[in-house]
Amino acid sequence: MRNQQATQLLFELSKPGRRGAKLPASDVPARSLSDLLPAEHAAAFPPPLPELAEPDVVRHFTNLSTKNMSVDTHFYPLGSCTMKYNSKRNERIAALPGLANLHPYQSEDSLQGLLQLLYELQGMLCEISGLDAASLQPAAGAHGELTALMVAAAYFRDRAQQTGEPRRTKVLTPDSSHGTNPASAAVAGFEAVTVRSTPDGFVDLADLRAKLDRQTAVFMITNPNTLGLFDRQVREIAHLVHEQGGLLYLDGANMNAILGVARPGDFGADMMHFNPHKTFSGPHGGGGPGAGPITVRAMLEPYLPSPVVTKVGDRYRLAFDRPKSIGRVRSFFGNTGVLVRAYCYLRTHGPDGLRRVSEQAVLNANYLLAKVKDRLSVPHGDRCMHEFVASAAKIKAQRGISAMDIAKRLLDYGFHAPTVYFPLTVKEAMMIEPTETEGKETLDAFADALVRILDESPETLHDAPHTTPISRPDEVRAARTPVVRWSPSA
Amino acid sequence: MPYTFNTPDDERAMLSAIGVDSIDRLFDGIPRDMWLSRPLDLPPAMGELELTAHLSELAARNSPAGDKVCFLGGGSYDHFVPAAVDQLAGRGEFYTSYTPYQPEVSQGNLQAMFEYQTLIAQLTGMDVSNASLYDGGSAVVEAAMMAMSATGRRGKIVVLGSVHPEYREILDTYLLPLDAEVVTIDAPQGAADAAAVASAIDDRTACAIVQQPNFFGCYEAVDEIGRAAHAAGALFVVSVDPISLGLLRRPGDYGADIVVAEGQSLGTPLLYGGPYLGIMACREAFVRRMPGRIAGETVDRHGRRCWVLTLQTREQHIRREKATSNICTSQGLFALRAAIYLSLMGPQGLREVAELCLRKTRYAAERLANVDGLSLAFDRPTFKEFVVRAEGGNVESLLATAADDGFHAGVPLGRWYPQLKDCFLVAVTEKRTRDEIDHLATSLGSHSRTLATSHA
Ligand SMILES: Cc1ncc(COP(=O)(O)O)c(C=O)c1O
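Keeping their order, the protein sequence lines are chains V and G.
Once you know that position 389 of the first sequence is 389 in my numbering, the rest is easy, because the numbers rise by one and skip nothing.
Once you know that position 132 of the second sequence is 132 in my numbering, the rest is easy, because the numbers rise by one and skip nothing.
The calculated lysine-lysine pairs, modelled on DSS-like cross-linking and capped at a C-alpha distance of 30 Å, are: (1) V/K440 / V/K371; (2) V/K170 / G/K156; (3) G/K156 / V/K324; (4) V/K427 / V/K396; (5) V/K324 / G/K421; (6) V/K211 / V/K170; (7) V/K427 / V/K371; (8) G/K68 / V/K22; (9) V/K396 / V/K371; (10) G/K421 / V/K311; (11) G/K322 / G/K156; (12) V/K427 / G/K322; (13) V/K427 / V/K373; (14) G/K68 / V/K88; (15) V/K211 / G/K322; (16) V/K440 / V/K394; (17) V/K427 / V/K211; (18) V/K371 / V/K394; (19) G/K431 / G/K421; (20) V/K440 / V/K427; (21) V/K170 / G/K322; (22) V/K15 / G/K431; (23) V/K170 / V/K427; (24) V/K311 / G/K68; (25) G/K431 / V/K22; (26) V/K427 / V/K394; (27) V/K311 / V/K324; (28) V/K373 / V/K440.
Where chain G lies over chain V, by a calculated footprint (3+ residues, C-beta under 8 Å): (29) 32-40; (30) 107-117; (31) 136-146; (32) 323-337; (33) 358-371; (34) 407-419; (35) 479-487.
Examples of chain V residues lying across from chain G (beta carbon under 7 Å, computed): (36) E54; (37) V57; (38) D72; (39) G286; (40) G287.
To be clear, the hints were calculated from the coordinates, so they are not data collected in a lab.
Since we're looking at a predicted model, the values are computed, not measured.
Here a beta-carbon is modelled for each residue, glycine too, at the ideal position from N, C-alpha and C.
Just chain V, with the same shape it has in the complex (with noise of 0.2 Å):
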């Protein structure tokens, strides 16, 4: 059933002289196109694109998509990525003239309503996560990490000046924290540190004594964390990390555990990122887009990025006078059209729904730990919140069956795999995050297939999948001899 026009790519169908796009006729006065376009900034011919009809790339890509699993046609328990239902309603409302077809340089006046929402959204960004300002401006959790970190410097390059204390140089982050962690630090000229964790999952109060002083920054804690267990020394750490000055960042990937549960500025942390392409529901967009927003306390708020948006009597403004600023990370606004359906996503969970979320996530997640855990080691414990990590290190030393062999036989049962060899802490990882927006008869199946692939040969495992449109492809080669671009062959 397969088409051949999936399998070619856009540059072996075009035929020279096709065309897809019809263009009106100009309506301006006739001029030699010399007399408009200097001679020496001429392309002699147009770029070489493939020349296509509408229904061919209509045809292509719908066959393309077909090739992809998606939250909307499979169970998508990626761990850490948060794979939950993306209302279609934000979808109809987002794309509402009145919100998608703004410029970024419009009048304030022209924005009214767009501000109002922004700014509620700050808003209840700050309430939900404990703290007392926002920034809406960055791109993704990354961005929001990395800007947070530089709001960090900026403070203490301040305090620096005011107490004449030495530079801070350094950013710890756990060993078990996402890798964007300590990029964020180095972007931002810190030193990036591991901090170990104990065996049981937690971080290691005694390394993180030993690694925190007067040049320590910031400590980046996940909590829940990479192994989706709450810890419970968060305060404690808090309170290590302020006695020598420093500030605690956190990584707020994890916030569908703990939503109208518990808030981070209530336990500790300082300035946190979300992630409302996980959190709040926006559409993964196959890697993108995200937003980044961040909450700070508010020592912090006068170095926050600008624009942000503020209230002057019953108008919005974005707020550009701001002195302390670290700047921009961006240019206009933000990613405006996630933080819209964010902000739909909150309005219409209300508070109860909020935390009805997390309860439903920690349920699910419970659940299918329960349903695992006799047949898959799961190291850290019978109990987690929004997610588990188990690992396929026993059955690999028994049976030779990998996480990755697991991972790929169950695309064959028509689940997506869980998040595989992450956190680097646990071996041979599979991160299992079923979210919210599922119920038990597919958490149920889900384990079935899991336990019926372990009692399967490890040859139909480590050769899976089998029902695929690939199977596994080459990497090494891919990386080797890299191709990343279609050349016309000679």
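On the provided structure of chain V, position chain G with the ligand as indicated by the hints.
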């Protein structure tokens, strides 16, 4: 919650399988004294009907392009988006999937990424492209950091003052705290003096950054600046308007090492500034220093051609603090939109879009230049934008009165360029008609006269 998946019976069965008697017990991992002891202080839940009404009401208090004729530009443009772009990119299989970590069930996204990369390489004349960055602004600073690491020169970059002022602000935000010097060469007459740029580039300079056409719509002397950068061992970074490449020489043809762009023009609506698309392409030599995802071709176990995420040792999930960048989620959906847009346009279509922009822009510039009280700020050819000076200088009120006549007439420049505080930037895309341009001229004409008189 708007959905109920687990019925009360399900919940009971699930709790009993877990071995607890209430959902609250599942939160025992969080010490009680950290629990929020009250409901969140948020507005109450709304159903779809109320939500739609509420958002429609908020939307009605904005004036979108379409309600007012949009002559705004400055990096975000009111171009036409063919229906097929929305229809195809809106398919749930693209729309609700994520980064293709499992290539066997992501060939749709991976092949589209590979096609996008090829299209961008063809468009820019560069060897390779990544699969997207956040936006055109942060792409510039990523290029600067890439140049710093490629040249080993971390102390200095040179940037033209005619590069989008917000892109330059981003450069400052990222680089100044790292003690790097960002040397800005002004463009007082609408474009920079190439000799001045050349003399600012030295053997400490990581790169020279040029925007072509620049923020004012004018052309820079890219050949000379590129040569000067290379003579000093610096990289040549060019930020382009992708639509302009339907007509203009490609940066790869005049020596660019890294090309970046805001990809919004390629099939994405205005969206109040985002989500958009950061484009980055470079010469082959730098591919391993490039930030962001890259799709590569390979074969599966049966020898079938297929695609995977490749060169991942550049990336944060493998290299952590040693990664080329911290980027993870980027703008996959907008790369897809750009790929669909470019496939529909093809070489001829893109050329025609560019040509319409060019012709209408010149017509509009000449019409506005003939309006009493208005003049062109720079005596230079431009592509799809131009700068208008308002005698009397009251740009804000002039634009406000034009808004009353139904125009988003221009972007005031004083916020970024104090010497241009009596100026505004006008953009004309293929969507604007002669009628709209004529009416804009009439509107500005009547008001600039009144304003000039009231100032006299
Ligand atoms: C724990 C954690 N932190 C940070 C990030 C980075 O977020 P983003 O991909 O939006 O940049 C992610 C997601 O990828 C994550 O799972």
